[in-house]
Amino acid sequence: MLTAILTGFLFSIFLVFTGRFFKGKLSILSSLVPLGLFLYFFQFIPAISGGDVIMRSYEWIPSFNVDLGFKLDGLSLLFSLMITGIGFLVFAYTSSYLKGHEYLDRFYGYLASFMGAMLGLVLADNMITLFVFWELTSISSFFLIGFNNTNPASRKSALTALGITGIGGLFLLAGALLLNNMTGTYSISEMLSMSDAIKANEFYFLAVLFIFGAAFTKSAQFPFHFWLPGAMKAPTPVSTYLHSATMVKAGVYLLMRFTPVLGGENIWNTTLIIVGGITMLYSAVHTIFRTDLKGILAYSTISALGILVFLTGLGTQEAFLAAAVFIVVHALYKATLFLVTGIIDHQTHTRDVTRLSGLNKIMLPVGIAGILAAISSAGIPPTIGFVGKELTYEAAFHYESLMIFLMIGIVVTKILLLYAGFVAGIKPFVGKLPEEHTNTKMPGFILWAPPLLLAILGLVFGVAPFLIESALIKPVVTAMGADASEIHLALWHGFNTVFILSLITIGVGTALYFIIKPSRKLEDGIARFDSFAPENLLEAFNSMFVSVSRFWTNFFQNGYLRNYISIIILFLVVLVGYIMIGNTRFTVDYNALSKITVYEITTTLILIAGIFYTVFTDSRLAAVAAMGVVGLSICLIFVFYSAPDLAMTQFSIDTLTVILFVLVLYKLPKYLKLSDYKTRLRDGVLSTIFGLIITTLALEVLSEPVSKEVGDFYAANSYIEAHGKNVVNVILVDFRGADTLIEISVLSIAAVGVFGLMKLRLKMKDRMRYADQSLNKKKK
Amino acid sequence: MRTTIILKTASNYLLPVLLVFSIFILLRGHYLPGGGFVGGLIASIAFILHSFANGLNKTKELLIVHPGFLLPIGLAIAFMSGLAPVVLFDLPFMTGLWSHDPVAILGSVGSALFFDIGVYLVVNGVTLTIIFTISESA
Amino acid sequence: MEILLAVMVGILYGTGIYMMLRRSMVKLIIGIILLGNGANLLIFLLGRITKGAPPIIPGDAKVFVEAFADPVPQALILTAIVISFGLQSFAIVLVKRAHTVVRTDDLDEMNATDEDS
Numbered sequence: 001m002l003t004a005i006l007t008g009f010l011f012s013i014f015l016v017f018t019g020r021f022f023k024g025k026l027s028i029l030s031s032l033v034p035l036g037l038f039l040y041f042f043q044f045i046p047a048i049s050g051g052d053v054i055m056r057s058y059e060w061i062p063s064f065n066v067d068l069g070f071k072l073d074g075l076s077l078l079f080s081l082m083i084t085g086i087g088f089l090v091f092a093y094t095s096s097y098l099k100g101h102e103y104l105d106r107f108y109g110y111l112a113s114f115m116g117a118m119l120g121l122v123l124a125d126n127m128i129t130l131f132v133f134w135e136l137t138s139i140s141s142f143f144l145i146g147f148n149n150t151n152p153a154s155r156k157s158a159l160t161a162l163g164i165t166g167i168g169g170l171f172l173l174a175g176a177l178l179l180n181n182m183t184g185t186y187s188i189s190e191m192l193s194m195s196d197a198i199k200a201n202e203f204y205f206l207a208v209l210f211i212f213g214a215a216f217t218k219s220a221q222f223p224f225h226f227w228l229p230g231a232m233k234a235p236t237p238v239s240t241y242l243h244s245a246t247m248v249k250a251g252v253y254l255l256m257r258f259t260p261v262l263g264g265e266n267i268w269n270t271t272l273i274i275v276g277g278i279t280m281l282y283s284a285v286h287t288i289f290r291t292d293l294k295g296i297l298a299y300s301t302i303s304a305l306g307i308l309v310f311l312t313g314l315g316t317q318e319a320f321l322a323a324a325v326f327i328v329v330h331a332l333y334k335a336t337l338f339l340v341t342g343i344i345d346h347q348t349h350t351r352d353v354t355r356l357s358g359l360n361k362i363m364l365p366v367g368i369a370g371i372l373a374a375i376s377s378a379g380i381p382p383t384i385g386f387v388g389k390e391l392t393y394e395a396a397f398h399y400e401s402l403m404i405f406l407m408i409g410i411v412v413t414k415i416l417l418l419y420a421g422f423v424a425g426i427k428p429f430v431g432k433l434p435e436e437h438t439n440t441k442m443p444g445f446i447l448w449a450p451p452l453l454l455a456i457l458g459l460v461f462g463v464a465p466f467l468i469e470s471a472l473i474k475p476v477v478t479a480m481g482a483d484a485s486e487i488h489l490a491l492w493h494g495f496n497t498v499f500i501l502s503l504i505t506i507g508v509g510t511a512l513y514f515i516i517k518p519s520r521k522l523e524d525g526i527a528r529f530d531s532f533a534p535e536n537l538l539e540a541f542n543s544m545f546v547s548v549s550r551f552w553t554n555f556f557q558n559g560y561l562r563n564y565i566s567i568i569i570l571f572l573v574v575l576v577g578y579i580m581i582g583n584t585r586f587t588v589d590y591n592a593l594s595k596i597t598v599y600e601i602t603t604t605l606i607l608i609a610g611i612f613y614t615v616f617t618d619s620r621l622a623a624v625a626a627m628g629v630v631g632l633s634i635c636l637i638f639v640f641y642s643a644p645d646l647a648m649t650q651f652s653i654d655t656l657t658v659i660l661f662v663l664v665l666y667k668l669p670k671y672l673k674l675s676d677y678k679t680r681l682r683d684g685v686l687s688t689i690f691g692l693i694i695t696t697l698a699l700e701v702l703s704e705p706v707s708k709e710v711g712d713f714y715a716a717n718s719y720i721e722a723h724g725k726n727v728v729n730v731i732l733v734d735f736r737g738a739d740t741l742i743e744i745s746v747l748s749i750a751a752v753g754v755f756g757l758m759k760l761r762l763k764m765k766d767r768m769r770y771a772d773q774s775l776n777k778k779k780k
Numbered sequence: 001m002r003t004t005i006i007l008k009t010a011s012n013y014l015l016p017v018l019l020v021f022s023i024f025i026l027l028r029g030h031y032l033p034g035g036g037f038v039g040g041l042i043a044s045i046a047f048i049l050h051s052f053a054n055g056l057n058k059t060k061e062l063l064i065v066h067p068g069f070l071l072p073i074g075l076a077i078a079f080m081s082g083l084a085p086v087v088l089f090d091l092p093f094m095t096g097l098w099s100h101d102p103v104a105i106l107g108s109v110g111s112a113l114f115f116d117i118g119v120y121l122v123v124n125g126v127t128l129t130i131i132f133t134i135s136e137s138a
Numbered sequence: 001m002e003i004l005l006a007v008m009v010g011i012l013y014g015t016g017i018y019m020m021l022r023r024s025m026v027k028l029i030i031g032i033i034l035l036g037n038g039a040n041l042l043i044f045l046l047g048r049i050t051k052g053a054p055p056i057i058p059g060d061a062k063v064f065v066e067a068f069a070d071p072v073p074q075a076l077i078l079t080a081i082v083i084s085f086g087l088q089s090f091a092i093v094l095v096k097r098a099h100t101v102v103r104t105d106d107l108d109e110m111n112a113t114d115e116d117s
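Protein chains in written order, with our numbering: chain H, 1 to 780; chain L, 1 to 138; chain F, 1 to 117.
Keep in mind the hints are simulated off the structure, nothing from the lab.
By construction, the Cβ of each residue, glycine as well, lies at the ideal position given by its N, Cα and C atoms.
Be careful, since some hints might not be right.
Stated by the list, open to error - Some chain L residues near chain F, calculated using beta-carbon distances under 8 Å:
1) Leu18
2) Val20
3) Leu32
4) Pro33
5) Phe37
6) Ile130
7) Ile134
Said to hold, decoys possible - Simulated pairs of lysine-lysine, DSSO-like, Cα-Cα distance not exceeding 30 Å:
8) F:Lys51 - H:Lys595
9) L:Lys58 - H:Lys595
10) L:Lys60 - H:Lys759
11) F:Lys51 - H:Lys725
12) H:Lys595 - H:Lys517
13) H:Lys759 - H:Lys678
14) F:Lys62 - H:Lys725
15) L:Lys8 - L:Lys58
16) H:Lys759 - H:Lys595
17) H:Lys99 - F:Lys51
18) H:Lys595 - H:Lys725
Next comes chain H alone, as it looks inside the complex (with noise of 0.2 Å):
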């Protein structure tokens, strides 16, 4: 199985060597791989409608229980056949589709991975595997919406598609985390058995907010819905797959999976019921003004997941049939229907539905394909959308309560959905051909043939729904952990209130379909309030985020070396001075402290005299020399202070730094008095409080008591162990040798630097544009 998942990725790894062999007329044999895995899935059809499930699991990081962990039970399968079904026909259209475009082989590889990062989503069974999984799919959609990638607002669509998605991802992380802190284990088979367990814990809600977090950002639900239209930007067969059929689903699949866990709550079925409502019917209202046939059907889709996410939340063996069944409704007449305005986009170069119509004449097939979709989405029998239909009517009005308002929010959403599937499905295709079209040409077998076939396959379920019944339905009922034995599916029902209601629907949104003309006007009323969409609250932020971080990295980033040291020394003046403060005793055991003789208190105002000269003399020679006496100063206290080894080395170093500095400091720059007097009294403060508080922490470290157990160690051993009688020389060559030799290597980096710098010259071009550029600040 695990084969199986990453034969995606496999794929798109063998494209990146091989993909300019693809690019040409064997494009369509890339279609060969979603085939191979449809097939191998479907093999699992009479294991898995006979009850079994079957789980694979392969180590990974076992000290963190993280497997990948896989489970092919009735849901994972259903979504298996799809994504590989629809991924082998929109493989196959896409070699026509974007035949002869430069990157094709490129969107081949976005395409397979993305085909197994889905893949790897609906079968993983570790929670850690599925958010790997979930990310993946964000990122390779990411890639496949922004494919136009000269286009700015598919860029932005990307964009936006990524950080909702992206956000959802870390929502499932979060919840990953919180379910194994609840239960231990990261295997949703396991959370499984302990639900009582996970619905009694005090961050229940905690967890179900987390789900809902991540199916609700990818399934588009209102109000995080906004990325998906503007995901439209992308070429038509990602539309296909990712919008439509398989991606977007993956948030619905989420809250099927986790139904039998955290379902069956008040909270949980509720806020599904609200927010599939909402998102259903604010979406189905959107159809109407939209004129763009690709807006048209974005919109429908989302209304779908509402009604989805709907239909989880009602929470019975009907709503879960009527959702299973309608996941396979959907995806074949959307996916037609998506095919078919790739088809139309393609050979008349339009999507605006004001100008198309009788395309009939010209081509016949993606036009019986469009009406028979058209028909199924608006629940027209003998087509399997009817059968679905039915079912989500029946599944509301058997809900024990509100029932009148979830039927009323239902059968609108059918209405405005029937509208929008005519709008999309039939209307460019009956009527009569506007001039503009008359050259346009019959697309190829490949193009029609896809579309064609699904919406075949549309109307043979639902002349035979027991097709589908036991093999791919009640599995599915079954793993959302509802029993299932007694479904029967059927298109004919009998003669009931819902039945009427079918009718209502289909005779309401058919005088709809008559009275209401999509036009631009329409579309341009709803843009009003478009300031008010979350799409645009969140411009908003976004926008405001960026000029707020721009303002505090330009402050504190600002190129000022002084500014930063600044910042840095006020900050530990006002840490380190607010925790002294009350801290400090100011005891100091003058009988512990050494005397002070008469060389110590020379040496020490020699010192003093000769760093305050090197801070205000105005000659640089004179600081070097001043400092040359600081140096020495240091020198003579080592010397008094038992380090003889600190003392020569200070006074070679001395010696070397003078010489260096009088060697450079004619070729160095002049001392520019630069600062004025208020910013040299501020950094004065400044230093002056710096120093007394590196003082007073000096004093106060000093009462403290002392550890030499690391000094004894080594006085101790330095003979016996090591044969050296010098402890400091000792250290350094040999118990602290390494560090000694890293000492060394970084010496020998400083002068390789420094050669480097003095001896390679920079080219005359760079050393004119680095001189222009200074001019050029000196004259602002």
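We have chain H; now place chains L and F onto it with these hints.
Structure of chains L and F alone, referenced to chain H:
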């Protein structure tokens, strides 16, 4: 460069004396104040003094190769002295190895001495490279 | 004496920072050197100072018999002194190089990034 005859003459004698002194400091480092760091610095001061008196080119001629070459040599010696116990006796990196019988003047000779020689060479090389480079382009 | 040393360390730190806050590049380097000296002295002081007892095992003994100065801070400072020489020379060369390229000693004028050009 104008230099007095006295300094010029003195530096010619001072160079070998200072070099011997630096080696002395290096070798006695294990028992008394001194060691590779100080020794290396003294040796470089000796060469710098020579270059002040006789000009940089003279000193360079004397050195034959650029002092930069001392860096890899010194690093290699220091590293080898650390590596020797690993290769020869299968002991951890930088384990001290010692000859059984003390050698005259040096006391007991061990891998640490070679390490110190490496430090001496690197410090000498670093200092000379820096000073020479800067005085050349100054 | 400890108090005097602590005061000296404070002065070295304060003046070092003050010099680093100046806009002149040479002063920046002098500031770094002063700060480095201050840090060395601070470590030396905090390791406790001892008079007349260098950490060298006397003549024929195998271990110390009397009090001795702590060798650990000394070893730390020794390497710090040598490293600071490397740092200083690199800084000096960097300043010199920057000066020849951009012809300014004013640090404030050296903050041009690629965006500005």
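Each hint, compared with the structure:
1. Annotation: Leu18 of chain L was flagged as interfacial toward chain F, and the flag is violated, the nearest CB pair being 19 Å apart, outside 8 Å.
2. Interface hint at Val20 of chain L: violated, since its Cβ lies 22 Å from the closest Cβ of chain F, which is beyond the 8 Å cut-off.
3. With a cut of 8 Å, the hint placing Leu32 of chain L at the interface with chain F holds, because the nearest CB-to-CB distance is about 6 Å.
4. Contact between Pro33 of chain L and chain F, as hinted, is supported at the beta carbon level, the nearest pair being about 7 Å apart and thus within 8 Å.
5. The interface hint given for Phe37 of chain L holds, since its Cβ lies 6 Å from the closest Cβ of chain F, which is under the 8 Å cut-off.
6. Taking 8 Å as the C-beta cut-off, the interface hint given for Ile130 of chain L holds, the closest approach to chain F being about 4 Å.
7. Interface hint at Ile134 of chain L: satisfied, since its Cβ lies 6 Å from the closest Cβ of chain F, which is below the 8 Å cut-off.
8. A hinted pair counts as satisfied when its Cα atoms are at most 30 Å apart, and Lys51 of chain F with Lys595 of chain H qualifies at roughly 10 Å.
9. A hinted pair counts as satisfied when its Cα atoms are at most 30 Å apart, and Lys58 of chain L with Lys595 of chain H does not qualify at roughly 51 Å.
10. Restraint check for Lys60 of chain L and Lys759 of chain H: satisfied, since their Cα atoms lie roughly 17 Å apart, inside the 30 Å limit.
11. Using a Cα cut-off of 30 Å, the hinted pair Lys51 of chain F and Lys725 of chain H holds, with the two alpha carbons roughly 19 Å apart.
12. A distance of roughly 103 Å separates the Cα atoms of Lys595 of chain H and Lys517 of chain H; the hinted pair therefore is violated under the 30 Å criterion.
13. Restraint check for Lys759 of chain H and Lys678 of chain H: the C-alpha separation of about 41 Å exceeds 30 Å, so the hint is violated.
14. Of the supplied pair hints, the one linking Lys62 of chain F and Lys725 of chain H holds, its CA atoms being roughly 8 Å apart against a limit of 30 Å.
15. Distance restraint check for Lys8 of chain L and Lys58 of chain L: the Cα-Cα separation of roughly 12 Å lies within the 30 Å cut-off, and the hinted pair is therefore satisfied.
16. For the suggested pair Lys759 of chain H and Lys595 of chain H, the alpha carbons sit about 52 Å apart, so the restraint of at most 30 Å is broken.
17. At most 30 Å may separate the alpha-carbon atoms for a hinted pair to count; Lys99 of chain H and Lys51 of chain F exceed this at roughly 88 Å.
18. At roughly 28 Å between alpha-carbon atoms, Lys595 of chain H and Lys725 of chain H fall within 30 Å of each other, so this suggested pair holds.
Of the hints listed earlier, those the structure fails to meet are numbers 1, 2, 9, 12, 13, 16, 17, in rising order.
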